[in-house]
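If you count the sequence shown from 1, you need to add 23 to reach the numbering used here.
Heads up, some of the hints might be wrong.
[What the hints assert, rightly or not] Have a look at the derived ranges for each label pair, beta carbon to beta carbon:
1) S203 / F79: 49 to 59 Å
2) S283 / P125: 48 to 58 Å
3) A280 / E195: 39 to 49 Å
4) D121 / P227: 34 to 44 Å
5) D263 / A161: 32 to 42 Å
6) Q251 / A209: 40 to 50 Å
7) D121 / E297: 22 to 32 Å
8) P227 / H75: 40 to 50 Å
9) D103 / P74: 17 to 27 Å
10) S211 / Q237: 40 to 50 Å
[To be verified] Straight-line distance between alpha carbons at most 35 Å, and here's what the computed DSBU-like set of lysine-lysine pairs gives:
11) K119 / K217
12) K147 / K119
13) K284 / K242
14) K147 / K217
15) K119 / K284
16) K242 / K119
17) K217 / K284
18) K217 / K242
In case anyone wonders, no lab produced these hints; they're calculated from the structure. Quick caveat: nothing in here was measured; it's all calculated off a predicted structure. Note that CB positions come from ideal geometry on N, CA and C, so glycine has one too.
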Amino acid sequence: MAWIRIRSLILVFTLPLLSSGAADAPSPVQGANHAAAPDVASANRFYSAGPHERRFIRTLDGSTIWLNFGASVLVAFTTDTRSVIMLSGEALFTVKHDTQHPFRVISGRSVAEDVGTVFSVTKKPTSSAFLVAEGEIAVFDSTRLGFDTGKIPAYMELAEFRRGERVEISDESGARLNHSVLTDDAVSRAFAWKDGRVRFAETPLEDAVAEFNQYSQIKIQLAPDVQQRGLRASGSFALDDTDSFVSSMAHVWGLHAQPSKGPDGTPIILLTSEPDRKHSRR
């Protein structure tokens, strides 16, 4: 059902553009910096980032989009509105101020509308999360835009969120799953991936490992004895520098790193409190 809904939204935005011949071909250049048109022009583009890359996009109106690993979006601009459909993953939007042309990001059944600010949208399998870095956004149900979802809208009135606020909304029911307010430092850490880094501050080690594993081709696992210790991680690391992260955790907490491979051949580093007996016998 989720794919049918996404497909319907794509058709709503793209068919008028395709029929008019205004669609643009996807840019083959990663991080291409196209010259911005003086006015919002008709444009229709699909963008995606590979599983181990970030991608930078400058839209025709001068706004920018950063795609995190594996993210994909459909940019659908007309002469009246600036719309982006979130298809997968996480994207960071820096919106150029333009009160005459609303900037909308559609994710699941939720729509985030902005005039000029910085915020991220994360499309999860069954929900959508919004985090405001600067300014404010309004989030509402897509039925406000006339989309027939066949469901009673969970919320019709605009809900406004400001700097540091994070909200997650169910794609199925439209219910608010959680809402929190992050400190400035926490917001900065949340967007560290844009600069090719991950940052932790007394983060539970399990959570830090899970985040690192999103980016690294070498997967880290925690032995049961380590999981029971309630350890935490702090520091700043390059996204692809698994060795530095593992070495830091081993040094701080007296852990031992044991390299191995998963069933599919994926390289794994097991962090354990016990030394590798195989190597200690040699």
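Verification of the hints:
no.	hint	result
1	S203 / F79: 49 to 59 Å	violated (28 Å)
2	S283 / P125: 48 to 58 Å	holds (52 Å)
3	A280 / E195: 39 to 49 Å	holds (41 Å)
4	D121 / P227: 34 to 44 Å	holds (41 Å)
5	D263 / A161: 32 to 42 Å	holds (37 Å)
6	Q251 / A209: 40 to 50 Å	violated (27 Å)
7	D121 / E297: 22 to 32 Å	violated (59 Å)
8	P227 / H75: 40 to 50 Å	violated (25 Å)
9	D103 / P74: 17 to 27 Å	violated (35 Å)
10	S211 / Q237: 40 to 50 Å	violated (18 Å)
11	K119 / K217	holds (18 Å)
12	K147 / K119	holds (26 Å)
13	K284 / K242	holds (9 Å)
14	K147 / K217	holds (19 Å)
15	K119 / K284	violated (47 Å)
16	K242 / K119	violated (38 Å)
17	K217 / K284	holds (29 Å)
18	K217 / K242	holds (21 Å)
Violated hints, listed in ascending order, are 1, 6, 7, 8, 9, 10, 15 and 16; each of the other numbered hints is respected by the structure.
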